[in-house]
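Let's have the full structure, built from the sequences with the hints guiding it.
Chains as they are written, first to last, in numbering that gives the first Met the number 0: chain A, 0 to 323; chain B, 0 to 323; chain C, 0 to 323.
Keep in mind that a hint or two might mislead.
One copy or any two copies: either way a pair holds, since identical chains are not told apart in the list.
Said to hold, decoys possible - Simulated crosslink set (SDA-like; lysine to any residue; CA at most 25 Å straight-line):
#, residue 1, residue 2
1, Lys-47, Asp-101
2, Lys-322, Gly-54
3, Lys-167, His-182
4, Lys-224, Ala-323
5, Lys-47, Ala-319
6, Lys-164, Gln-30
7, Lys-322, Gly-143
8, Lys-164, His-27
9, Lys-230, Pro-272
10, Lys-322, Glu-45
11, Lys-322, His-27
12, Lys-164, Ala-323
13, Lys-322, Asp-43
Since the hints were made in silico from the structure, they are not lab data.
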Amino acid sequence: MLSKRHPQLNKNGELIHLLTLEGLSRAHLNQILDTAASFVTVSDQEVKKLPILRGKSVFNLFFENSTRTRTTFEIAAKRLSADVFNLDIQRSSTAKGETMLDTIANLSAMQADMFVVRHSSSGAPFLIAEHVAPHVHVVNAGDGRHAHPTQGLLDMYTIRHFMAKRGKQFTDLRVAIVGDILHSRVARSDIHALSTLGVPELRAVGPLTLLPGGLEEMGVRVFSKMDEGIKDVDVIIMLRLQNERMKGALLPSAQEYFEHYGLTRERLALAAPNAIVMHPGPMNRGVEIASDVADGEQAVILDQVTFGIAVRMAVMSLVAGNKA
Amino acid sequence: MLSKRHPQLNKNGELIHLLTLEGLSRAHLNQILDTAASFVTVSDQEVKKLPILRGKSVFNLFFENSTRTRTTFEIAAKRLSADVFNLDIQRSSTAKGETMLDTIANLSAMQADMFVVRHSSSGAPFLIAEHVAPHVHVVNAGDGRHAHPTQGLLDMYTIRHFMAKRGKQFTDLRVAIVGDILHSRVARSDIHALSTLGVPELRAVGPLTLLPGGLEEMGVRVFSKMDEGIKDVDVIIMLRLQNERMKGALLPSAQEYFEHYGLTRERLALAAPNAIVMHPGPMNRGVEIASDVADGEQAVILDQVTFGIAVRMAVMSLVAGNKA
Amino acid sequence: MLSKRHPQLNKNGELIHLLTLEGLSRAHLNQILDTAASFVTVSDQEVKKLPILRGKSVFNLFFENSTRTRTTFEIAAKRLSADVFNLDIQRSSTAKGETMLDTIANLSAMQADMFVVRHSSSGAPFLIAEHVAPHVHVVNAGDGRHAHPTQGLLDMYTIRHFMAKRGKQFTDLRVAIVGDILHSRVARSDIHALSTLGVPELRAVGPLTLLPGGLEEMGVRVFSKMDEGIKDVDVIIMLRLQNERMKGALLPSAQEYFEHYGLTRERLALAAPNAIVMHPGPMNRGVEIASDVADGEQAVILDQVTFGIAVRMAVMSLVAGNKA
Chain A
0 MLSKRHPQLN KNGELIHLLT LEGLSRAHLN QILDTAASFV TVSDQEVKKL PILRGKSVFN
60 LFFENSTRTR TTFEIAAKRL SADVFNLDIQ RSSTAKGETM LDTIANLSAM QADMFVVRHS
120 SSGAPFLIAE HVAPHVHVVN AGDGRHAHPT QGLLDMYTIR HFMAKRGKQF TDLRVAIVGD
180 ILHSRVARSD IHALSTLGVP ELRAVGPLTL LPGGLEEMGV RVFSKMDEGI KDVDVIIMLR
240 LQNERMKGAL LPSAQEYFEH YGLTRERLAL AAPNAIVMHP GPMNRGVEIA SDVADGEQAV
300 ILDQVTFGIA VRMAVMSLVA GNKA
Chain B
0 MLSKRHPQLN KNGELIHLLT LEGLSRAHLN QILDTAASFV TVSDQEVKKL PILRGKSVFN
60 LFFENSTRTR TTFEIAAKRL SADVFNLDIQ RSSTAKGETM LDTIANLSAM QADMFVVRHS
120 SSGAPFLIAE HVAPHVHVVN AGDGRHAHPT QGLLDMYTIR HFMAKRGKQF TDLRVAIVGD
180 ILHSRVARSD IHALSTLGVP ELRAVGPLTL LPGGLEEMGV RVFSKMDEGI KDVDVIIMLR
240 LQNERMKGAL LPSAQEYFEH YGLTRERLAL AAPNAIVMHP GPMNRGVEIA SDVADGEQAV
300 ILDQVTFGIA VRMAVMSLVA GNKA
Chain C
0 MLSKRHPQLN KNGELIHLLT LEGLSRAHLN QILDTAASFV TVSDQEVKKL PILRGKSVFN
60 LFFENSTRTR TTFEIAAKRL SADVFNLDIQ RSSTAKGETM LDTIANLSAM QADMFVVRHS
120 SSGAPFLIAE HVAPHVHVVN AGDGRHAHPT QGLLDMYTIR HFMAKRGKQF TDLRVAIVGD
180 ILHSRVARSD IHALSTLGVP ELRAVGPLTL LPGGLEEMGV RVFSKMDEGI KDVDVIIMLR
240 LQNERMKGAL LPSAQEYFEH YGLTRERLAL AAPNAIVMHP GPMNRGVEIA SDVADGEQAV
300 ILDQVTFGIA VRMAVMSLVA GNKA
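Laid out in structure tokens, this is it:
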């Protein structure tokens, strides 16, 4: 019996690329989170370098601009002692009419070892992973509305970390994702990971115009009322409201959005005691989240950033250690 | 008796940030200059690297663009073996509506060790220094019209170096600063440092429209006539005339400016024999300085650049060595 | 008897800059190619680093933008353990009215060890080489229509490598360069190197409007018919057709160009069996080259890229090892 091989796993089922969290097993996710845990302490040390990727060439290919995400990958790669190359793709050969695959083939010929890819088109990192030489690894840093797997993983790390302090595991949790789920690759990656890790109650909260179809089929409960949606949850994942949405027909105004879906101190009180508040950043204070909540005791938003470095170090070192 | 602590010093009076030269003691300044002297020789060695900042993450945060100044800090940090991250702030999260302090909080969460900050608003580096975690150090690379402390320090280094060859100390000198002092953060930092180091005669020379009030109260003699202003001085610090000034109502034209305040060979003869000519760069040849003076024997303009690397290495290694 | 010294050689005839292949001896070219051969294996190793330029500062000065070429030099320099500084020249002091030579003088004062220069004006790297301090080395990364010596060298490396497998040397070869030779610095560098290395039959193929005068005087046979030009050749070097040419009066249209000069499978059959197909990239598929030829067995286009890293490592390490 033939089965189509998962594009990010080798024939031993080991991770050689990280393209999506969909289809990864609980064991895969735990391996990444456990590896990240060992790197969290590295970042606290006086000398924050490990020789794991020494002499390796990591290329940041950001077809869509994101200074922050690019920087986190650059930090992670340099802490692993890699040489990092940031390509200004907007000004490069692709602008001269070269195809993306010719660009990739050229960079591979320069003996790249890893591509970190951000692209506005869903699936671009898959296309690249299908065409690279066997020694090259691809990490998806966000593709269209499809996936943002390292953000999903750092969210899982954050949840595991803080819930363990409260004596809880994934299988004990109620988690609410709030906001523009329709356009969010973060939400998509979080939903896949939370399901795989056995979260029994997963909720999507937002205006119906910003919720995609098919959520119930994935086991997600849908709420259009914020107060009901976050009632008794252990974890609230707030999503960023893209400015462009507010200008379109999907939403009335930022003020009205805040009134209905903004996370205020009063609303937060409806969640479980000690619930944590997460946000992938950058935040729109006063739009999706009140400033006092963003800076409050229950917010773990900056911890997410810190753990994000360790999680990216874990992903890079794991894929680099496995052979196609 | 309580005193408000100086924001750039810890409770032992040690430098933990470099925000301004105002309020630094002569001992502080001399410590930086002496440390820089030890680094000047490093730059001449075959291998120009020291392990002082190995594994540390230095972030260049240039909210105002300055390729040259950014490059000098990048060189200094890399010679100290730091990992350097250049953030394209104009294209980053601040452009997505995030506040500057949220951006800083995020970068701190990535375990930054040092921020080198350039900003068009006076005081921005102070604001940042007030909000960073205790292990993070802030170096001001120029803020508005307020201060440019590393430029001030490299000017002091240059003066000390060349005047020592002439058997002179700061307490023996006549120094003239010439040009648009009103808008110059370099002039402001120089005046503070020169005063602290005991220069007995400090002069400001320029059109009255470009001289700020309050100079006399700081012990600075004011001259609107160039020939009188530079008579018998040991050091002439020429300032760059910003192009935008020439378009405004403050100045008639570049030609007329040169006629009245341009440093020519004839005018330079009015200064003390062996007087040195300094300029922070980039120069407008034929506007504030004649080409043959800029390239002449008394010009030490390129020495300033060389010493600037050593001075920035000194500042970075000193602040990184002190704990909040 | 006085002779004017070649600007890129010291008085012992050793290479201290690489500005052009014109005037370099066969021994010079072979030394570079032999050195590159030793670096090709480095790029295949697990840790791709050599300490040859450790502590050295290499500045990429790209006055004309070229992300790909800049990246190849950055990779080469980092594999030699240099510190690499990419200057955003468009946004730097030259934009503030500073002269190019003042910019260079300033960067030299920061103890730069090497400048890699790309400029739209022919001769700019020569001008820079004439003005740098004796310890500074200049590598031309393409100047105007004049020269692109590292591309020429990597082309030579590629030809030597693949022809050796067929038992042939430069003195046995027929080589055709096809396309817009008039505007091509690559063609100019290739012609100089191929002549020096003793290629007995060198051909230029293209529309007469895109062929420069004087080719026959250089020993190059001129063909305006593609089928005749590539008949029985061992090596075909295709040139990129710049988009801007197609808009001008020099050429009718991309389709018509492809019809007359595009390299198709049928045309390739006219060349010698096992002839190799080269292209400096980025390719215009369907304009100067058919896709199946670009991806075919005889194409060595990606090998050129790989060898280009080793060739640039060779050039950098050789010039850095010689004293002015």
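Within, between, both or neither: Lys-322, Glu-45 at alpha-carbon 25 Å | Cα proximity of Lys-322 and Glu-45: across copies only (13 Å, versus 32 Å in one copy).
If the cutoff is 25 Å on CA atoms, where do Lys-322 and Asp-43 land: within, between, both or neither? Let me know, please.
-> Intra 30 Å, inter 15 Å, cutoff 25 Å: inter-copy only.
Taking 25 Å as the upper bound on the Cα-Cα distance, should Lys-164 and His-27 be classified as within, between, both, or neither?
-> Intra 23 Å, inter 46 Å, cutoff 25 Å: intra-copy only.
State whether the alpha carbon distance between Lys-164 and Ala-323 is at most 25 Å within one copy, between copies, both, or neither.
-> Cα proximity of Lys-164 and Ala-323: none, with 38 Å in one copy and 29 Å across.
Alpha-carbon proximity between Lys-230 and Pro-272, which holds within one copy, between copies, both or neither at 25 Å = Only inside one copy: Lys-230 and Pro-272 sit 11 Å apart there, 75 Å across copies, limit 25 Å.
Since the copies are identical, ignore which copy is meant and state whether Lys-224 and Ala-323 lie within 25 Å (CA to CA) inside a copy, between copies, both or neither.
-> Classified as neither; 47 Å inside a copy, 47 Å across copies.
Tell me, please, which holds for Lys-47 and Ala-319 at an alpha-carbon limit of 25 Å: within, between, both or neither?
-> both (19 Å within a copy, 15 Å between copies)
For the identical chains here, do Lys-164 and Gln-30 meet the 25 Å Cα criterion within one copy, between copies, both, or neither?
-> For Lys-164 and Gln-30, only the intra-copy Cα distance (20 Å) is at most 25 Å; the inter-copy one is 47 Å.
Lys-322 and Gly-143: within-copy, between-copy, both or neither at 25 Å Cα | neither (28 Å within a copy, 44 Å between copies)
For Lys-47 vs Asp-101, is the C-alpha pair at or below 25 Å within one copy, between two copies, both, or neither?
-> between (36 Å within a copy, 24 Å between copies)
Are the CA atoms of Lys-167 and His-182 at most 25 Å apart within a copy, between copies, both, or neither?
-> Intra 30 Å, inter 59 Å, cutoff 25 Å: neither.
Are the CA atoms of Lys-322 and His-27 at most 25 Å apart within a copy, between copies, both, or neither?
-> within (16 Å within a copy, 41 Å between copies)
Checked against the numbered hints given earlier, the structure breaks hints 3, 4, 7, 12 and satisfies all the rest.
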